[in-house]
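Colleague: Read top to bottom, the protein sequences are chains A and B.
For the first sequence, the working numbering gives the first residue as 654, with consecutive numbering after it.
For the second sequence, the working numbering gives the first residue as 654, with consecutive numbering after it.
These are calculated hints, taken from the structure and not from any lab test.
Among the hints, a few may not be true.
No copy labels: a pair is met if it fits in one copy or bridges any two.
What the hints assert, rightly or not - SDA-like, lysine to any residue: derived pairs with alpha carbons at most 25 Å apart: (1) LYS663 with SER758; (2) LYS688 with HIS766; (3) LYS903 with PRO855; (4) LYS978 with TYR908.
Note that this is a predicted model, so its numbers are computed, not measured.
There are 2 protein chains.
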Amino acid sequence: MNSKLKILKKRLYELRYVSSASSLLHWDSNVYIPKNGVSSRAITNSLIDEICHKKLLKLDDGHILTELVQDLPKLSLEDAAIVREAFRNFDRSRKFPSSFIKRLSQLSTKAHHVWKEARDKKDFSIYSDILEEMVSMQKEAVDLLGYEDHPYNALIDDYEPGMTVSKLDNMFNGLKEFLVPFIRKVTSKDISWEYVIDGKFPISKQIKLNEDVLSVLGYDFSSGRLDVSTHPFTIDIAPYDVRITTRYSKKDLLYALYSSIHEGGHGIYGQGIPVEYFGVGIGHGASLGIHESQSRMYENLLGRSMSFINLLHKYILKYFPDFNKSPEDLYKIVNHVSLGYIRTESDEVTYNLHIILRYEIEKDLICGNINVKNLPEVWNAKMKEYLGVQVPSDDLGVLQDVHWSSGNFGYFPTYSIGNIYSAQIYNTMLKDIPELKGNISSDTLKSMKSWLYENIHKYGRIYPAEDLITRVTGEGMNPMYFNKYIEDKYTSLYELN
Amino acid sequence: MNSKLKILKKRLYELRYVSSASSLLHWDSNVYIPKNGVSSRAITNSLIDEICHKKLLKLDDGHILTELVQDLPKLSLEDAAIVREAFRNFDRSRKFPSSFIKRLSQLSTKAHHVWKEARDKKDFSIYSDILEEMVSMQKEAVDLLGYEDHPYNALIDDYEPGMTVSKLDNMFNGLKEFLVPFIRKVTSKDISWEYVIDGKFPISKQIKLNEDVLSVLGYDFSSGRLDVSTHPFTIDIAPYDVRITTRYSKKDLLYALYSSIHEGGHGIYGQGIPVEYFGVGIGHGASLGIHESQSRMYENLLGRSMSFINLLHKYILKYFPDFNKSPEDLYKIVNHVSLGYIRTESDEVTYNLHIILRYEIEKDLICGNINVKNLPEVWNAKMKEYLGVQVPSDDLGVLQDVHWSSGNFGYFPTYSIGNIYSAQIYNTMLKDIPELKGNISSDTLKSMKSWLYENIHKYGRIYPAEDLITRVTGEGMNPMYFNKYIEDKYTSLYELN
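If we strip away everything but chain A, and leave its shape as in the complex, we get:
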């Protein structure tokens, strides 16, 4: 058993450190690649991916991995996690013939272009046929992977291991029942403020401000970087090399700040995972949902709280002494609720309804309950039902997200799982660090980072997500904490009583 483990670890080590090159290529492609270099980059990407894919399939050479899986109960906690994760990845990979992977990759590239064109022309019909092909490839994937209970389970599992439709249905129903009526209450309230920041904030100063704020949150710049990309992201390139990105608006300094704080949450998680886990395949977050819980917690639970905004305001004044909003103004601005069409621009109250809509549609597509051609109608009807808005054109509706064109079906729910987990974890953490509700100092933020490290970060992928959340909060995924958080905060802010 020990010698098999040793061989497995050596193979995992090579796989992970080679795929570190792939991570750097990805980072560079989104941050610094010259315009004309994009197409030759695709060749290098696919060659490195192929090398990694072969190494993944070779994990079981001599059947060591499949045999180790039989020994799982005899292994230490850490070794069991290593074997479990290695097998999960290997098992998913071996189920896809290379012809399928190639077809999917070609379809994604094509679909991505068609999607962009359709979105630019605000015309879903351009995209309909290729999306139908994509949906049918997703169904093929479901058949290749196999599933229990519900075909969509096969797809979710890739992003959120262990998550199922029945658990998600429960969770989303819990959210919907509370949120739909609550949003009506909030948005029907006459309020006197809007989200408006319209100043002059030179980027070079904003960069310093963002770096300062990230540092006080606990993001470590000697093991990371902050760069600019169209869509902000966080990437674990290697141990001590976890990079984040943001983007700036000269007029609105909050635009970059809240993206940076969000990615900072991911980054602090990535930097906190023990480096020795990296080379054995458990140096990631426990799941996408858990990862998102960390970013959302920093961005929303902490970041949009009055306590934190008092501190943030001081940092803003340091670089922009003429900034003319008080902390109280700022608090209102960053917590303004509005009925919008676009998921990525939505506030923390309405956000999950955007996800519920996508989740319901994805499930129905995979089951064949709705026809791709009818998607705009389905989409717009749900937007009307949940948010009460009339989508004016497809680019502001069904065409807004990139995910489906890339074949990422099953990904959307992890955003809401992240929101649910974030409130659940924060609720527990507040009992240990009540200062988070009072005057937040840099020490408070240090305590928060330590708490997250001790309870979540240091375990990397040792525990499955649901085990971890139960260990930390004493119960499984429960939307009640999120609902309660939203209800308390916005009842007070919008003076709903």
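Guided by the hints, dock chain B onto chain A, whose structure is given.
Modeller: Then chain B, alone, in the frame of chain A:
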């Protein structure tokens, strides 16, 4: 033959595009890697290098490469170059057992640290033993590679294919005979100016200036980038992705400018090579010497000419309107000759003597004519003889260069080959573009780039360096043009008549 060629090309393609990842890793390591990420990067580097090394050795699987070499005379010019270069790389690689490569790589890493320590402490004795080990590994390499006439030929050939000690001896003697007495004349002349630029030049403005100057020279930013690194370099990552770096001094704007122009010369070459050559292993410069000829030409022959400085001065004024030197002052400043100890800070008149010294020492080390322990004495005596200076301490003498600690014996001569070639090519080009001696406009620089493209860049590695120089200039390597250029320019500048 055709099917063998097809297989070879496919193998070369994979090799080159995978090693493109290695190039990006290298770039990132020198430009953006976070401080703590360095040690895990080394692991990824060595794994990707290993993959590439295996792919290189596999080029001959089924003996297709060794058989194609027999068919060389029947192949087209391009295919013959592809086979020739593939075989050269393969043949060098197969001669080194993997144990040797590993030992050399470990020794380099260690020697690099020891060298740094010795340099910091200005004490060669710390470095002596490990350098002796390195020299003896270089002798081993010579034995593994085999050679004709002179053992040092085996080492030069890696950097400058086809170059030999007898050709270099001729060339360096030609230089030495002219330069040693000429430098005495120049430096004994009383002059009224010095190299002094001491102003305030904010980096953000300097970046724009450098980008502007590089653009007018012909470097294409949609297929490249300009970043900052401690030691400026150029790297061909992939087709349409040729990046350069520079470094800035807030006080001296020339510090960055001339580095940028030098690297720009490399970059324009890299960007000019037909992209279809990249994947078949002939998408590099013809040799390091030819590559250096392009950078030196832009930096010195063009860049330090009165004609170009008139244009450069306008660009400087655009960003720094208070710049208080006239073009004539600037010309004197950038052509100031001084007797210094440090190669990288030396001017174009004294530079080659720094190389001659290293060349002579390397040859003697490889032949066992001198003892590593005595290197400081040998070095300092030669400095006295050639430049008439007394080296005050080892950090300013024998310890100044990184090359030996990395095992790069045989590299130094390519710098002088570059200088010689640059003057020889420029002399030919001037006949076609006499405007280079008159008023230089952006059109003149376009003509220069086109001329270099037509005569040099578009051939990539099709022609061996010496064939190429003969095609372009009508004769082989000839130091006379360099001597003549230096004599004319500095006789006038220093009023030696």
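Colleague: Each of the hints needs a verdict: does it hold here or not?
Modeller: Hints and how they fare:
1. LYS663 with SER758: Answer is between: at 21 Å across copies they meet the 25 Å cutoff, but 29 Å inside does not.
2. LYS688 with HIS766: Within one copy only: 16 Å inside, 38 Å across.
3. LYS903 with PRO855: Classified as both: same-chain Cα gap 6 Å, cross-chain 21 Å, threshold 25 Å.
4. LYS978 with TYR908: Close inside one copy (15 Å), not across copies (44 Å); limit 25 Å.
In terms of the numbered hints stated before, the structure departs from none.
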